[in-house]
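S.K.: Next come the chains, spelled out residue by residue.
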Amino acid sequence: MNTYDDLVNDYLRAVEQALAGVPANRRAELLADLSEHIAAKRAELSPDQETEVEVRSILELLGDPEEVAAEAMVDAEPPLPASPPILIEPKKRSAALIWVAVTIAAVATMCVLAGLLGLMFFSVSSGGTPEATVPTSSDSVAPTPSPPPVPTPS
Amino acid sequence: MDTPGSLSTALRRGTLEFCVLALMEQGEQYGVELVRRLGAERTLTTSEGTLYPLLARLRRAGWVETTWRESPNGPPRRYYALTQHGHQALRHFREEWTAFRDTVDRIVGTRAA
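Those protein sequence lines, which keep their order, are chains A and B. Here the first sequence is numbered in my numbering, starting from 11 and rising by one per residue. Here the second sequence is numbered in my numbering, starting from 53 and rising by one per residue.
So that you can see chain B by itself, here it is in the shape it has in the complex (with noise of 0.2 Å):
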């Protein structure tokens, strides 16, 4: 808590890889996409690179899975989508994030006017 980036470390920490199955909802995502797109949030990521490991433990977690896919031009490509457990995940994260939200924004004094 001592630098500026450690806030935003935190903050992110918990929150970035419900952002990361939210991408995944309507759809299986290309993975070099899906970390293209996070990767230009810059309030929620320092690298494109950072993503992979996040990735990794979604896989592990059994809320994603992942599908090769033979690619026009190129090497084949990797597509992520949601399982069952990461539907799961993501619809508890929503109930959590909008009272930890609201708590928040009340005591802090953030609350949209």
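Excised from the complex, chain A in its bound form (with noise of 0.2 Å):
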């Protein structure tokens, strides 16, 4: 807007000199992100009544850009916690229990039908008669790898 102006790209240029070595995306990440900050704080004076002091208590605060860019460098190395473990494991227990239930459900279903189907064979290779397979359902099983009794409909 000013004079002033010249003070602030001063100071964007120290913090992006100092940012040599960090990806230039990172450095124009964190260079718009100074230089919002120093607009937004200047827009908080009123124009007529900004001053040289004040424009440079602003950069003061956000501090030397040595130490600015030194902050950004320390996650250029590595990506930070990105994923961190701890974020995942309540989901993926869940998910397991999710899985437990449903191999527990499936080989249950499984018993059921092997032990009706046992049931059906027997009943009907003996010939018995539908009120014959009843008493004796529960001792003739046997043979097959059955369930523990499920009380079957019918």
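What the hints contain is simulated information worked out from the structure, not anything from laboratory work. In this text, a Cβ means the ideal position worked out from N, Cα and C, and glycines have one as well. No false leads were slipped in.
The following label-pair restraints were derived from C-beta to C-beta distances: (1) B:Arg88 x A:Ala34: 24 to 30 Å; (2) B:Pro127 x A:Leu71: 16 to 22 Å; (3) B:Val156 x A:Val63: 42 to 48 Å; (4) B:Glu93 x A:Ala24: 22 to 28 Å; (5) A:Asp58 x B:Glu148: 50 to 56 Å; (6) A:Arg23 x B:Gly57: 24 to 30 Å.
Make the complex out of the two chains shown on their own, each in a separate frame, by following the hints.
M.R.: Quick look at the structure:
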């Protein structure tokens, strides 16, 4: 807006120089964040009020360009806890529980089916009357690896 | 560990970001205001500017998200809010921190009376 722009630009240039070695997109991101911050703070001052002291104080609060850049270097090396194990854990646990439940349900269903088939096979092969199957069913299912006594409707 | 400053730097590492998350916990925060508040906490930060790389890190981690809003005076404002992951991370930190703090206090002898 005025002569103080030079102060701001000098500051941003100093940060940019200190950011050598940081990937270009990160560098651009930080510079954008800093210039937004400066613009927002300058906008809080009414334009006719803005003094060099105030602009300098905005920059001083932002801190030493080297120090600000150093903070951006810290995470330039490893991509931080982008996928922290803590966050995945609860989800994984519930997913595992669901799989266990599904497996149990599938096994139980198969056991019941096997039992029913065995029962049907027995009653057909023995030629028994419907009444005959009922009392014999409990001990006659033995040959098939039967499930625990499941209340079979009918 | 040789200069007095390096101890506070080491202590901040890993804790400051959760202080930032905690400030957003009650609702979205205007970025510049957030930085102003934290920058004033001299035990936590060295300057306002060093908070921007940290905020960028939180965005990349998916712990915070930002929204631009028009401002009555001046440029559009960027607001920060916690994501679901950010809330989870803060909860997890609280558990870890209390256990950590209790142990250090007990061993170092700084437990509050």
